[in-house]
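**Student:** Residues per chain, in single letters:
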Amino acid sequence: QQKAQLQLKVHGFTELCWDKCVEKPSSRFDSRTEACLQSCVERFVDTTLAVTGRFAQMVQKGGH
Amino acid sequence: QQKAQLQLKVHGFTELCWDKCVEKPSSRFDSRTEACLQSCVERFVDTTLAVTGRFAQMVQKGGH
Amino acid sequence: QQKAQLQLKVHGFTELCWDKCVEKPSSRFDSRTEACLQSCVERFVDTTLAVTGRFAQMVQKGGH
Amino acid sequence: AQELLQRMTDKCFRKCVGKPGSSLDNSEQKCIAMCMDRYMDAWNTVSRTYNSRLQ
Amino acid sequence: AQELLQRMTDKCFRKCVGKPGSSLDNSEQKCIAMCMDRYMDAWNTVSRTYNSRLQ
Amino acid sequence: AQELLQRMTDKCFRKCVGKPGSSLDNSEQKCIAMCMDRYMDAWNTVSRTYNSRLQ
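Chains as they are written, first to last, in the working numbering: chain A, 1 to 64; chain B, 1 to 64; chain C, 1 to 64; chain D, 1 to 55; chain E, 1 to 55; chain F, 1 to 55.
Be careful, since some hints might not be right.
DSBU-like, lysine-lysine: derived pairs with alpha carbons at most 35 Å apart [what the hints assert, rightly or not]:
#: 1; chain 1: C; residue 1: LYS9; chain 2: C; residue 2: LYS61
#: 2; chain 1: D; residue 1: LYS30; chain 2: C; residue 2: LYS3
#: 3; chain 1: C; residue 1: LYS3; chain 2: C; residue 2: LYS24
#: 4; chain 1: B; residue 1: LYS9; chain 2: C; residue 2: LYS20
#: 5; chain 1: B; residue 1: LYS24; chain 2: F; residue 2: LYS30
#: 6; chain 1: F; residue 1: LYS30; chain 2: D; residue 2: LYS19
#: 7; chain 1: A; residue 1: LYS3; chain 2: A; residue 2: LYS20
#: 8; chain 1: C; residue 1: LYS9; chain 2: B; residue 2: LYS61
#: 9; chain 1: E; residue 1: LYS15; chain 2: D; residue 2: LYS15
#: 10; chain 1: C; residue 1: LYS61; chain 2: F; residue 2: LYS30
None of these hints come from the bench; they were simulated from the model.
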């Protein structure tokens with residue numbers, strides 16, 4: 001079941017990063033698009049960590 | 001379970017009204033944005049009532 | 001249950017084709033909008049067939 | 001009809017209510033009624049077309 | 001809070017990270033923090049408004 | 001693969017079929033084939049990047 005959830009994440013990231021990085025389908029990705037897709041996944045994970053960490057802090061401080 | 005459904009509505013409204021009312025995150029909402037968020041929820045509930053009521057009428061008249 | 005899935009498809013197509021074909025709700029669809037909605041469903045089914053067929057070929061060739 | 005009502009409400013709210021005000025004004029109400037009628041027309045057209053394609 | 005975190009992350013990533021680079025730069029980090037605060041404000045306003053409407 | 005096929009079909013239909021006509025014309029068909037190939041490339045890149053990040 002954990003594997004199914006991981007797969008769902010990959011599907012979600014593919015859609016999100018496709019929207020961010022791919023303008024027009026061409027016969028091959030250029031290196032910029034390829035790099036964009038990789039960075040998109042990495043930055044999204046970074047954002048998730050930042051948001052989750054900050055939220056945990058708020059909850060601890062009773063700020064929310 | 002009813003509470004879970006209510007929560008889901010709040011999540012949905014937040015997304016919808018965020019898209020309608022928030023241009024750029026700033027250090028504080030101005031009063032216009034705050035009012036927009038409130039009206040957005042109110043008008044969406046109004047729209048739901050209007051749509052549901054009109055639909056019920058149609059069904060009664062056998063119009064659909 | 002199969003009927004429920006068919007209904008869900010109809011809901012999904014209606015949203016997709018509404019976005020593609022309907023600019024502004026008016027008092028009646030003109031024939032162009034009506035034709036667009038029909039073609040939208042037909043072309044989406046064609047696209048599904050094309051994508052699925054091509055994907056099956058790739059899997060057979062072990063290309064993926 | 002729950003699913004239809006939800007999707008229709010969402011689409012028509014997005015199409016008809018620009019910046020939400022203190023009540024639904026007259027033109028927004030008219031727009032919503034018209035939008036509903038057209039959305040159901042669209043649903044019917046889609047349903048008919050898809051069913052005949054499946055046969 | 002899972003649902004809130006997911007939707008908030010998604011919205012703030014889309015708003016704050018234009019073309020993703022080799023790391024989150026300073027302005028992107030600030031934007032994300034601010035976006036979170038506003039998103040939670042919005043959630044609170046929506047929740048309050050909807051609850052009082054239901055009564 | 002069901003989920004992949006559905007999302008890919010949706011994305012490629014939106015990208016490649018502008019105003020739907022009486023059949024998929026040649027350029028739409030080519031666009032769909034290319035779009036599929038790129039979408040699977042993107043899926044592979046995303047999957048690889050995410051898996052290596054998780055380790």
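**Student:** Taken at face value, is the distance from the CA of F/LYS30 to the CA of C/LYS61 at most 35 Å?
**Tutor:** 20 Å, holds
**Student:** Please work out if B/LYS24 and F/LYS30 have their alpha carbons no farther apart than 35 Å.
**Tutor:** 39 Å, violated
**Student:** Taken at face value, is the distance from the CA of A/LYS20 to the CA of A/LYS3 at most 35 Å?
**Tutor:** 26 Å, holds
**Student:** Are the Cα atoms of E/LYS15 and D/LYS15 separated by 35 Å or less?
**Tutor:** Distance ~23 Å between E/LYS15 and D/LYS15 Cα, so the pair holds.
**Student:** If you draw a straight line from the CA of C/LYS9 to the CA of B/LYS61, is it 35 Å or shorter?
**Tutor:** Given pair C/LYS9, B/LYS61 holds - Cα atoms ~27 Å apart, limit 35 Å.
**Student:** Compare the distance between the alpha carbons of C/LYS9 and C/LYS61 with 35 Å, and conclude whether the hinted pair is satisfied.
**Tutor:** 31 Å, holds
**Student:** Is the straight-line distance between the alpha-carbon of B/LYS9 and that of C/LYS20 35 Å or less?
**Tutor:** 27 Å, holds
**Student:** Taken at face value, is the distance from the CA of D/LYS19 to the CA of F/LYS30 at most 35 Å?
**Tutor:** 41 Å, violated
**Student:** D/LYS30 and C/LYS3 were given as a pair; does the straight-line alpha-carbon distance stay at or below 35 Å?
**Tutor:** The given pair, whose Cα atoms are some 34 Å apart, holds under the 35 Å limit.
**Student:** Need the status of pair C/LYS3, C/LYS24: alpha-carbon distance at most 35 Å?
**Tutor:** 31 Å, holds
Hints 5 and 6 from the list above are not met by this structure, while the remaining hints are.
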